[in-house]
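Trainee: Put chains B, C and D on the given structure of chain A with help from the hints.
Chains as they are written, first to last, in the working numbering: chain A, 1 to 345; chain B, 1 to 345; chain C, 1 to 345; chain D, 1 to 345.
Please note that the accuracy of each hint is not assured.
[As the list claims (entries may be wrong)] Below are the BS3-like pairs computed for lysine-lysine, each with C-alpha atoms no more than 30 Å apart in a straight line:
1. Lys-57(A) <-> Lys-57(B)
2. Lys-164(D) <-> Lys-205(D)
3. Lys-57(D) <-> Lys-205(C)
4. Lys-138(B) <-> Lys-164(B)
5. Lys-164(D) <-> Lys-205(A)
6. Lys-143(B) <-> Lys-94(B)
7. Lys-138(B) <-> Lys-80(B)
8. Lys-208(D) <-> Lys-164(D)
9. Lys-205(A) <-> Lys-205(D)
10. Lys-164(A) <-> Lys-205(D)
11. Lys-143(D) <-> Lys-94(D)
12. Lys-94(D) <-> Lys-57(C)
13. Lys-164(C) <-> Lys-205(B)
14. Lys-138(C) <-> Lys-80(C)
15. Lys-143(B) <-> Lys-205(B)
16. Lys-94(C) <-> Lys-164(C)
17. Lys-208(A) <-> Lys-170(D)
18. Lys-205(B) <-> Lys-80(C)
19. Lys-94(A) <-> Lys-164(A)
20. Lys-208(D) <-> Lys-170(D)
21. Lys-80(D) <-> Lys-138(D)
22. Lys-57(D) <-> Lys-94(D)
23. Lys-143(D) <-> Lys-57(D)
24. Lys-80(A) <-> Lys-94(A)
25. Lys-80(A) <-> Lys-205(A)
26. Lys-205(A) <-> Lys-80(D)
27. Lys-164(B) <-> Lys-205(C)
28. Lys-94(A) <-> Lys-138(A)
29. Lys-80(A) <-> Lys-57(A)
30. Lys-205(A) <-> Lys-164(A)
31. Lys-57(B) <-> Lys-205(A)
[Unchecked claim] Chain A is faced by these chain D residues, among others (derived, beta-carbon under 8 Å):
32. Ile-174
33. Asp-176
34. Val-190
35. Ala-191
36. Cys-195
37. Glu-199
38. Pro-345
Quick caveat, the hints were computed from the structure, so don't treat them as lab data. Glycine included, every Cβ here is placed at the ideal spot set by N, Cα and C.
4 protein chains.
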Amino acid sequence: MSTRIGIIGASGYTGCELMRLLSCRSDIQLTAITSRQYAGTAVNSIFPSLHAFQDLKFMAPDLEAIASMTDLLFTAVPHKTAMEVIPFFIEQGKRVIDLSADFRIRDRQVYEEWYQPHSAPEYLETAVYGLPELYREKIATAKLVANPGCYPTSSILPLAPLLKRNLIDKDFIIIDSKSGTSGAGRGASVATLFCEVNEGFKAYKIGKHRHTPEIEQELSAARGERVNITFTPHLVPMNRGILSTIYARTSAGTGTETILSALRQFYRDAPFVRILEEGVFPNVQQVRGSNYCDIGAQVDENGQMVMVSVIDNLTKGASGQAIQNMNIMLGIPETTGIDMPALYP
Amino acid sequence: MSTRIGIIGASGYTGCELMRLLSCRSDIQLTAITSRQYAGTAVNSIFPSLHAFQDLKFMAPDLEAIASMTDLLFTAVPHKTAMEVIPFFIEQGKRVIDLSADFRIRDRQVYEEWYQPHSAPEYLETAVYGLPELYREKIATAKLVANPGCYPTSSILPLAPLLKRNLIDKDFIIIDSKSGTSGAGRGASVATLFCEVNEGFKAYKIGKHRHTPEIEQELSAARGERVNITFTPHLVPMNRGILSTIYARTSAGTGTETILSALRQFYRDAPFVRILEEGVFPNVQQVRGSNYCDIGAQVDENGQMVMVSVIDNLTKGASGQAIQNMNIMLGIPETTGIDMPALYP
Amino acid sequence: MSTRIGIIGASGYTGCELMRLLSCRSDIQLTAITSRQYAGTAVNSIFPSLHAFQDLKFMAPDLEAIASMTDLLFTAVPHKTAMEVIPFFIEQGKRVIDLSADFRIRDRQVYEEWYQPHSAPEYLETAVYGLPELYREKIATAKLVANPGCYPTSSILPLAPLLKRNLIDKDFIIIDSKSGTSGAGRGASVATLFCEVNEGFKAYKIGKHRHTPEIEQELSAARGERVNITFTPHLVPMNRGILSTIYARTSAGTGTETILSALRQFYRDAPFVRILEEGVFPNVQQVRGSNYCDIGAQVDENGQMVMVSVIDNLTKGASGQAIQNMNIMLGIPETTGIDMPALYP
Amino acid sequence: MSTRIGIIGASGYTGCELMRLLSCRSDIQLTAITSRQYAGTAVNSIFPSLHAFQDLKFMAPDLEAIASMTDLLFTAVPHKTAMEVIPFFIEQGKRVIDLSADFRIRDRQVYEEWYQPHSAPEYLETAVYGLPELYREKIATAKLVANPGCYPTSSILPLAPLLKRNLIDKDFIIIDSKSGTSGAGRGASVATLFCEVNEGFKAYKIGKHRHTPEIEQELSAARGERVNITFTPHLVPMNRGILSTIYARTSAGTGTETILSALRQFYRDAPFVRILEEGVFPNVQQVRGSNYCDIGAQVDENGQMVMVSVIDNLTKGASGQAIQNMNIMLGIPETTGIDMPALYP
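Extracted from the complex, chain A is given alone in its bound form (with noise of 0.2 Å):
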């Protein structure tokens, strides 16, 4: 019998994109959709992009309802509300991937410091961070995976290799991010007008961005000690992909050469990561629309090492790498569904 999906916050971008991604799989059953604003309407007339895929109704998040409907749920309402609702369905005996914050700041103290009092503090100690790559065993039997967010994956992929073999040197790391706008969700707001974004670049939240801590934490986890970074997000007027330019010194003797092998010999086994030639640097364009991460990096005769990452926000940033956890959990092949390559031009 096919496992029942539920999503849990449907009518944002991530979960349209959990849509686009689960509608065309015989494997699963997508049973319930939610979405307080539109409860009632048809999936199809909010998203026209999935007529012919879905004859669902956005219903209303009644909990015990969706429960007795789902095996395993996608929450991709806003932090604070995820904490709300995920302790019943865990409850309740389902698994859940949370595509908010609020269960991948394993320090309590620094997620409040940085969002809001946690409601369900005891999940943080056993939520698996759903980092693939990383913590791939533990996801597999995970009953609650904090996906990452999307600023995060981009950044930490490149990097936690390097950190973790002593490559590059743990301080000055920065990391210049830039992403497209559909980041910044489907919400109403003067800031993410077309005529706002479109010819017009600008840095924002610096120094204050959200995602510094989850960077910091698992960069600091792969190092084995403290590891601060400095973080600068920006708004590119393209709809989805996220490219961050990295900054770093690396340890006496270490070229671009020894860099990309280790690259490659990390990710020697995860089929979304391609470290690429040297010499070659990665487009968002390649990745729109797929699941991959397409890593560059070159030293320069002082040590100064700058690598690229690329992602497509929502899907490898998102819906794609929940629907890869969701893959390990279900302990069917990891790229099940998710192995197109990306929408070029």
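Mentor: For chains B, C and D alone, kept in the frame of chain A given last:
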């Protein structure tokens, strides 16, 4: 002494465009800039592009205070709000250029059918439709100028001369218009979010757009009998610009050269209308940020005419034209302060 | 044994789109990918979006070698080149799907008037126009399929059923089409540089576009008598998508519901044509990267019909439709490998 | 009598921008506009945005003829071509503002290492680097002004005052720049086609961009000792604008306010540099089409500074700055003709 200018409702794109175009002028003085939402805030902090130009703060719309500070007012508020504030200013002896639709439709019944009940119908008759190329003399002495809509400007300029001279059939006129997104305003809404517009293209309000009666009014006036049109607006993923592709049947023997000559003749003294050579059609890029309307036309062997006009919807389609009207009202050269070329690329 | 597929001229956008759609399939095998320009180069190095999918190299177009390696060929070369290579493959018993215009026009004289002398006129008669919704049965057994143009696909699908059933007047049909820039191909040119297209909008080739006779041929075939159209293409600052706004006069008594019913009835077994509800019109966003054609229509009180169709010009307008044709030729389900939803946002 | 101006190589974006900014001025006269490619063609037919402003035709670059028609020249030709024509004009007593890189690098050896052999090294010493905020007095009397590159302008303006005053560490300066596509010029190329840039984002020429030595030259001059930088340019899907995110270590005790004060102090008489309030960072939208450079900065608790600057690459980054230099050379107010606000949205 320089004319004191007020802008009522200056927090939107047309308000900002008025300030962009007026801010460098020494012959007028911006004395009152209002915004309910931003009252007390520096104009520069909302519109940093005006930094170094405007030291003004947005003020609350206190009508009496504003009247005492100004000689001439631009009202850039939504329709309905416009007719609530304009009578007061007129009664105080101020001259008003209204960028809303409230005084464009001379027939109250038509207005009320497409909009809502009119609270100041006594001004409908005396308001002058502010298309300088058609009503320059009346504008010069008007108390209240109803600044045309963007789509109407792009449609009436190419069509009115041809209808006046009976060069085209008054039936079966089709206006297929394409507008940049700034025409939708600066209010928060899902439909005009970057990701909803970018890489998209759609028609909207088919058969129902409120600019239809405005276009029909002026085309009927030009022809001297009732003219009906089919008007379809579309949304283009760009900030500024309207391109209208206009289809009509020419009268017997009317070819391309006749059409172009008639237009050239009609606009020989109009500094902002440029009629292109035979075989040449305009791109909205060539008028971006400028007050020009460029027109190309062609008639095929079956007598079917295709005409293409372009304007910048915020400039000739709104604020630039409003300033052109102001110049005429003040008896100064029509092109003052709005005679710069387009910003390309 | 899986069918061996060749792509002649694979370095453009339609070639890349064919590879995107074919690269994940296990039932066929890409065995020959040609490009004069890139011969000897890895496909991945030109199209990094295909990294991990294709180990093939571009090869020079050695016809004999290719014939020995393939069962079915897609020709994605420019017109004129197509008719020079296709006869050889047909004579070798290969089946060919030609994405150029060389075999679309059945009347040699018309072809030569709009293009150039035809060097293989003997195939004009037997080539099948590859619009599956109209010619599915003939395609199934065809040796040579002439894959339709992008604008024709977006125009013929909405209009043919209405002309067949005499629901609209055959005169005064206006097709106002708007295309994304990928339709202009991947060749270096000033006119399609980013800065020349972005923040711009223009009509082009007014009255002269070569898709005109192709549309007229199929509409005339549907009607059973000569149909002439007025066709105006426009360039939209987006990568993919065509939206055609179509104007026609309905026959007496034909309203919106009649039109929509006729379309629904005609396409009841067509998996890729979706007729929208009354009052709903499509956005190109809802078909991006997919093989769908979505159609909305409305008739006003004067009997003027406005119809809007959308396709992705590279998918249903080119490579997706070519694969749909291939599926039909191979006797497998028409939707194989092209049944995914659109990429939104 | 008004100064007679020539533009050598006016068919690109910087040439067009010069004409846009000069075309409305009555104090100068455009007398010679050259283009090999378009010789004999009306300027308006290539740049229709200039219609109604320029009756000139492009002429072939006949140096003697041009010298006889002009007093001051802008050379907007590629590097290498510039050094071939400029000596002639200088010898004829003309003053020259060169928009190429040929006279920016004072050290011939460095120039030849990054570019090619220099054919007019005797002018390297006397050419003045045309950044008015640093070299205003020298520019006033210069015969030959080397107009700065776009990335250097966006990098040197924020960094030079801080290096001069020893507020930041001279090592580990990272300049992560993002440029609109007009910076790549108007030549046909696949890499800058609309579909290759739109919905894409990439870094390019990592560690190899020719603006690196230019930036290092001026930062070293400011500091009084050798300064090396890490510079990474990126391509943004927009027409105009450069945003540079700059990372440096501050010296002990230097906080945000110290940095901002130092900048404000340094630029107190510079009309085109605007230092933003603490906590405010600029968007390229606020300088589009204008000659401003806006700068924001912040220092975190660890002494890591993040600074963001924006310019329009065609205006302050090229043609606007060239006109600013011309104004200074002519002894007229520096802001003449370039003091308009940005075009927003």
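Trainee: All hints are to be evaluated individually against the structure, with a verdict given for each.
Mentor: Structure-based check of each hint:
1. At most 30 Å may separate the alpha-carbon atoms for a hinted pair to count; Lys-57(A) and Lys-57(B) exceed this at roughly 48 Å.
2. Of the pairs offered as hints, the one joining Lys-164(D) and Lys-205(D) holds, with about 29 Å between alpha carbons and a cut-off of 30 Å not exceeded.
3. Between Lys-57(D) and Lys-205(C), the direct Cα distance comes to roughly 26 Å. Compliance with the 30 Å bound is thereby established for this hinted pair.
4. Of the supplied pair hints, the one linking Lys-138(B) and Lys-164(B) holds, its CA atoms being roughly 19 Å apart against a limit of 30 Å.
5. Restraint check for Lys-164(D) and Lys-205(A): the C-alpha separation of about 29 Å stays at or below 30 Å, so the hint holds.
6. For the proposed pair Lys-143(B) and Lys-94(B), the alpha carbon gap of about 7 Å is at most 30 Å, so the pair holds.
7. For the proposed pair Lys-138(B) and Lys-80(B), the alpha carbon gap of about 24 Å is at most 30 Å, so the pair holds.
8. Taking the CA atoms of Lys-208(D) and Lys-164(D), the gap is about 26 Å. The hint holds against a cut of 30 Å.
9. Note on Lys-205(A) and Lys-205(D): the hinted pairing holds, with a Cα-Cα distance of about 28 Å set against a maximum of 30 Å.
10. With a C-alpha separation of about 29 Å, the suggested pair Lys-164(A) and Lys-205(D) falls inside the 30 Å cut-off, and the hint holds.
11. The straight-line distance between the Cα atoms of Lys-143(D) and Lys-94(D) is roughly 7 Å, inside the 30 Å bound, and the hint therefore holds.
12. Proximity of Lys-94(D) to Lys-57(C) is assessed by CA-CA distance (about 56 Å); at most 30 Å being required, the pair is judged violated.
13. The straight-line distance between the Cα atoms of Lys-164(C) and Lys-205(B) is roughly 29 Å, inside the 30 Å bound, and the hint therefore holds.
14. For a cut-off of 30 Å, the pair hint linking Lys-138(C) to Lys-80(C) stands: about 24 Å separates their Cα positions.
15. Using a Cα cut-off of 30 Å, the hinted pair Lys-143(B) and Lys-205(B) is violated, with the two alpha carbons roughly 33 Å apart.
16. For the proposed pair Lys-94(C) and Lys-164(C), the alpha carbon gap of about 34 Å is over 30 Å, so the pair is violated.
17. Annotation: proposed proximity of Lys-208(A) to Lys-170(D) holds, straight-line Cα distance about 26 Å (limit 30 Å).
18. For a cut-off of 30 Å, the pair hint linking Lys-205(B) to Lys-80(C) is broken: about 43 Å separates their Cα positions.
19. For the suggested pair Lys-94(A) and Lys-164(A), the alpha carbons sit about 34 Å apart, so the restraint of at most 30 Å is broken.
20. The suggested pairing of Lys-208(D) with Lys-170(D) holds, with an alpha-carbon distance near 20 Å, which does not exceed 30 Å.
21. At most 30 Å may separate the alpha-carbon atoms for a hinted pair to count; Lys-80(D) and Lys-138(D) meet this at roughly 24 Å.
22. With a C-alpha separation of about 22 Å, the suggested pair Lys-57(D) and Lys-94(D) falls inside the 30 Å cut-off, and the hint holds.
23. Taking the CA atoms of Lys-143(D) and Lys-57(D), the gap is about 27 Å. The hint holds against a cut of 30 Å.
24. Restraint check for Lys-80(A) and Lys-94(A): satisfied, since their Cα atoms lie roughly 20 Å apart, inside the 30 Å limit.
25. With a C-alpha separation of about 20 Å, the suggested pairing of Lys-80(A) with Lys-205(A) holds against the 30 Å cut-off.
26. With a C-alpha separation of about 43 Å, the suggested pairing of Lys-205(A) with Lys-80(D) is violated against the 30 Å cut-off.
27. Taken as a hint, the Lys-164(B) and Lys-205(C) pair is honoured in the structure, with Cα atoms around 29 Å apart against an allowance of 30 Å.
28. For the given pair, Lys-94(A) sits about 17 Å from Lys-138(A) by alpha-carbon distance, which is consistent with the 30 Å threshold.
29. Proximity of Lys-80(A) to Lys-57(A) is assessed by CA-CA distance (about 25 Å); at most 30 Å being required, the pair is judged to hold.
30. Distance hint between Lys-205(A) and Lys-164(A) is fulfilled; the C-alpha atoms sit about 29 Å from each other, no more than 30 Å.
31. Among the hinted pairs, Lys-57(B) with Lys-205(A) is consistent with the structure: their alpha-carbon atoms are about 26 Å apart, no more than 30 Å.
32. Taking 8 Å as the C-beta cut-off, the interface hint given for Ile-174(D) holds, the closest approach to chain A being about 5 Å.
33. Below 8 Å, beta-carbon pairs count as interface contacts, and Asp-176(D) has one with chain A at about 4 Å; its hint therefore holds.
34. With a least beta-carbon distance of about 11 Å to chain A, the hint placing Val-190(D) at the interface is violated under the 8 Å criterion.
35. A least Cβ separation of about 10 Å between Ala-191(D) and chain A goes past the 8 Å threshold, and the interface hint is therefore violated.
36. For the restraint placing Cys-195(D) at the interface with chain A, the shortest Cβ-Cβ distance is roughly 4 Å, inside the 8 Å limit, so the hint holds.
37. For Glu-199(D), the interface hint holds, since its Cβ comes within 8 Å of a Cβ in chain A; the closest pair sits about 5 Å apart.
38. With a cut of 8 Å, the hint placing Pro-345(D) at the interface with chain A holds, because the nearest CB-to-CB distance is about 4 Å.
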